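Chains as they are written, first to last, in the UniProt record's numbering: chain A, 1 to 803; chain B, 1 to 575.
Please keep in mind that the hints were generated in silico from the structure rather than gathered at the bench. Bear in mind that the values here come from a model prediction, so they are computed numbers and not experimental data. Among the clues, some could well be false.
Derived coverage of chain A by chain B (criterion: at least 3 residues anywhere in the stretch with Cβ under 8 angstroms from a Cβ of chain B; other residues may be distant) [as the list claims (entries may be wrong)]:
1) 367-378
2) 506-520
Residues on chain B that point at chain A, a partial pick, calculated with CB under 7 angstroms [as the list claims (entries may be wrong)]:
3) Thr113
4) Leu114
5) Ser304
6) Ile308
7) Ala316
8) Gln433
9) Arg526
In this text, a Cβ means the ideal position worked out from N, Cα and C, and glycines have one as well.
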Amino acid sequence: MPKERLKRKISGSEKQVEDVLEKQKEEDEDENLWNVVNDDEEDSSDSDGDIEESEEEFKIESDDENDEDHSNTDDEEEEEEEEEEDEEAETDDDEDLSEKTVGNGLRDESDVDGSDNDKISDSNIDNSKHNNDSTNQKKSKNTKKQGLKNKINENKNETKTVIEDEYADYDTSDEEDIRNTVGNIPMNWYDEYRHLGYDWDGNKILKPEGQDQLDAFLKRIDDPDFWRTVKDPQTGQEVKLTDEDVKLIRRIQGQKIPDETFDEYAPWIEWFTSEVMKTPIRKFPEHKRSFLPSKYEEKKVEKLARALKMGWIKTKEEQDKLRAKKEPQFYMLWQTDDQADEMRRIYKHIPAPKRHLPGHAESYNPPAEYLFDEKELKQWNKLKDSPWKRKLHFVPQKFDSLRKVPAYSRYIKERFLRCLDLYLCPRAIKMKLTIEPEALVPKLPSPRDLQPFPTVLSLEYVGHSDMIRTIDTDKTGQYLVSGSDDCTVKIWEINTGRCLKTIQTDAVIRSVKWCPNSSLSLILVASGNKVILLNPHVGDTLVCNKTDAVLKDAPTTDIIISERVRTTVEWREPEEDEYAKGYRAVLTHFKEVTQVTWHGRGDYFACVMPDGQNRSVLIGQVSKRRSQLPFSKPKGLVQCVLFHPSKPFLFVATQRHVRIYDLMKQMLVKKLLTNCKWISTMDIHPGGDNLLVATYDRKVLWFDLDLSTKPYQTLRLHGTAVRGVSFHKRYPLFASGSDDKSLIISHGMVYNDLMQNPLIVPLKRLQNHKSANDFGIFDVHFHPLQPWVFTSGADGTIKLYSN
Amino acid sequence: MVAKKKKKYSVGEGSQFISRRAALNKLQLSLNDFRRLCILKGIYPREPRNRKRAQKGQPGIKTLYHKKDILFLMQEPIIWKLRDYKIFNRKVGRAKAVKDFQKMRRYLDNHPTLKLDHIVKERYPSFIDALRDLDDCLTLCFLFSTFPSLPHIPRDQFMLCKRLTMEFLHAIIEAKALRKVFISIKGYYYQAEIKGQTVTWIVPHNFSFAPQPKQEVDFKVMSTFVEFYIIMLGFVNFRLYHSLNLYYPPKLPTTDVSESDKSLVDENIYVAERIAALNIPLTKLSNQTEEEDVEIDQFPSDTSAEDIEKAKQEQAKIKTLKTLFKGLKFFLNREVPREPLVFIIRCFGGEVSWDKTLFVGSTFDESDETITHQIVDRPNLDKQYISRYYIQPQWVFDCVNARELLPVNKYFLGEVLPPHLSPFVDKERDSYQQYIPPEEQALYDPSLRETLNEADESDENVAEEEEKEENEAEEDETEDMENSNEDEMQSTSKLQKHKLSVKPGQVYKEEPWEKTRQERQEYKLREKMVKNKHRKLYKSMMQGRRERSKEVWLLKKKRRLHEEQKTKQKSKAKQ
């Protein structure tokens, strides 16, 4: 009998010997149980009806619930009629007899009858774990506890025969020891408790007293049967295996069929043969559809056939062929190398520019100087938000061998950006200049070919204690006059640098001018709001005395001076001490005079009073000691006036424009547009056709009066405001001096040929003055005969540059 | 009758350009389809001359396409394929939604495919045009050939890229067209000359693929490019192979195939692997080998004799370059990148092999006695043969760029390598505008090379000499002290003697820099006469020049500092 049970066990998934052993140790008790149910088993296994009968006696709510039965015991009889349909369904299944749950059938009628009061427990042991295929579910039987106990005592030594009977139908549903009612649960759930589940009465099964190692050891020594003693996890009791059990285990270990009596080589009985038997095994005939062709299948086939025919679906070969066709096929697309076929093309295609080729810095092993030092690296990292400003788009790296070079982390990104550029970046054809910057610089003759011009500083005239605003030379080129902010006018001998005379005046000298008439020794001095006619008494004494004589007595005229002129200017004779100083006439103006200029003949002169509104320009006549106001309307802030050297023209420079008036016809001839912010001064070429205009906004403008009213050339030679500009009377030279202390001498050739434009070549830059109060050079004046130039500076000196 | 007023922007630039949105409306395409179409057809936005007029007075900056480009797209047959795709996607989506998987599979099996052959012809009417535009194509295909399979990208693209690029390399090997190579930190640069066109491409270093953030890299766009480039490269390969008298698709010599057990391997894979090895010459269509020795004929043209001479020299150099490694036998160690080196060595006529277990296609073993060079990239090697040089891979690259076999002593196993220079920098540039490292100068000027070598070697000597000089200087100083004492004595006596005396006149010497200074000043003045129109241009050009020269200065300074440091270290090590 136990072999049978074990065989069952083994047929399940769990084949561990330990399990077998576990079961083995319960053997004794089990035998009793089996004895108890023995009689019933015989009946129940035979017929279904019996089972049903037995079932009637119990109501089982569900297979899983065990506890219900305890409460239901009282009501048993009332609910006898109820059947369990699950059980029935299972009994119908005739193919696998072993699967049949006969747990209920095992219940003994008589037992149940006789034990109304007994408590019944239905332990449903889920053996699905153990028996996956054959014995899925098992219902343990109900037994009367009382009877069980009795019978355990009685049948301890019962014979085996009975047992064999019991398992005639291989039912092993009751093989478990059901003293513990917890069911088939992992027993380690009880690890933390002192008990091991509950017995039939619901009392706790306490764990046996724990043995320590020593006890176990002693036991091992003492007990000869120790090797066959195992612990029952359900009860915690120790169980000794019988000889049969051990034998059985040995057979299993030897991979033999556990049942000794089983004949492996028994003759084969063919239950189902291919031969057609006279009478069918099954008692009903085959269904009609088993020999009629399926309509559904026919439809399906028809559909497939149609799909194949129509080419909706393809066979494997066809599919492969198609796939091969879909792969790109290459052939000779271009017959020749460079002959293009006539075909549609993109309109005005602009090919994408190629990528820049790498320089040394991109090398994996660049020269050491290409690697970033700390500063450069910092700079590189700082431009993280504006990477286009970086000098290099990567950090140069050096690896000492090729195997150490890693993949470039931004490679894919860079490729992607290139792709984006190719299809997203707007393209346009841009002209790229391939010229050198030198080509933009105009080709000019070399200064060496344009000599003579002043190149070296040869003399310094020191004596003034303040800025020298103005200088002028006499016509012979022997003497120099200068006017300064220290209110003095000094006469210098040019060749020696000696100061011949110093004339003290009342106010700041803004302008001095030597009379161009060589028979007169006269200097116009603008000092404050006075203009003084001064006889310097230098040079030819004859001329000086003659001048004095001419100016001695004022001509008397009966022309009535208009009110307007009279309020503007007042001529008066110098006083005694003034006369001694050299004053020959004094003109007192109503406003400060900033500039005076002579007419070429030396009789007329013009004065400028910028604040004078419509009376800002005044023309005086020495011989008649008379002044007149040429303009009746204000022309703006007049900066400077000039007489034309040969024609009766007056140039009037206001803040932005230069107006040319014909004094004879009394009309405006031209208005020159300077395109600058503020004119400072101007000078006219001795030929009279070219005008130089200096401006405070750093420019010097050359006007060709024949050409246009716009500047012929704008020279940006200086860095700051230009204050003085001058033409040489004889040589083709001009010079400009500015606040940046520099004097620039240029060649300005005017050709007689009207078709040829003037040639302007900057020749030399001279920088010897010191700056004072942000002023550099105030006035520039050429020597009338020699290619020499004088400059007066804010540092109180006059410098002579000669060739 | 009043003339009808013309509508604004109906003529001129306003009518020539069309914004992207309008283009989409006109073509009835989605943005994705339009993008794809633009990539395939090579249509790009254009920068108008006057943006305000071109975008019809609308504010902002719009992507403007030329109207004719859009009309050009409109007549493209693949637009219909793109529309088919739309329908196809809808059908598949529906089948998937209703879980009709059979139907879905059926749809997927006959998905529409784009045929791009005509577009290649259209974009590149002649073969030269295609070669001119091959740079991007090759670079992207080489990159894609290293990719694993990615979502949303057809799987066969990667395989096809691999195949085509390998075929292209074979064509270059056969044509011996490679001219310049360069190892950069980004990858290997190769420059080949095919039919007079220079083609440059980059092959990334190993393991170049890394997952990219979605907002940074869109692989779908790249895949669209690759879709076109594959076709283009295929046709280029075909033409190249035919012009080189080779079979296309490439064939291996039959003997090779018969040797192996054919039944064991898939033949296609077998051949593909052998081709990828790059080591087996392909079979030719006919056995005749045509030597292309085209002599430059003398034309009585206006080109000067110098130019012709130069061209001749260049050609001779290229001729020697083509057979640079002829007769040399290389063996690659395991750690050396196989593909680039095999490609280069084979391009210049060398024989090469590698460890059998590394890759298929190795022809001889390491123990072969006829090997002349073994390329190694490790600090030391246990077993060395005396009969061969053990050199580092940079030697091969530097030899190609120098167009001659360089001395190997600097590249021996474990040596500190000389710097690897780029061959792509312009050689005829101004040395004030661009820095030329001394190593590069040495390349053009062999005399400099010696000095450079000596400089390295003689550093130690210099240090010694310096010491000597210092000693001498000290001695001198002591002497000077004595002398000065004497001088003082003399001067005091002179003071006492100070009487009327005539000094000899001094000859006025013209200072050499005076002239240049004057010239510079003159130029500075002349500079101010630059026309107003060109003033800003001139200024910016000069500014750029100044910046460049500053960079040169900076690099020179760094070099000097570095060299000083090196000598210092050397002298320290000596002590």
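Now for the hints, and whether the structure bears them out:
1. 367-378: holds (count 5)
2. 506-520: Our answer is that it is violated, as 0 residues pass the Cβ test (under 8 angstroms) against chain B, missing three.
3. Thr113: It holds, given that the least Cβ distance between B:Thr113 and chain A is near 5 angstroms, below 7 angstroms.
4. Leu114: This hint is violated: B:Leu114 lies away from chain A, its Cβ roughly 10 angstroms from the closest one there, beyond 7 angstroms.
5. Ser304: violated, 20 angstroms
6. Ile308: Interface hint status for B:Ile308: violated (23 angstroms vs cutoff 7 angstroms).
7. Ala316: violated, 24 angstroms
8. Gln433: violated, 11 angstroms
9. Arg526: Status holds, d = 6 angstroms.
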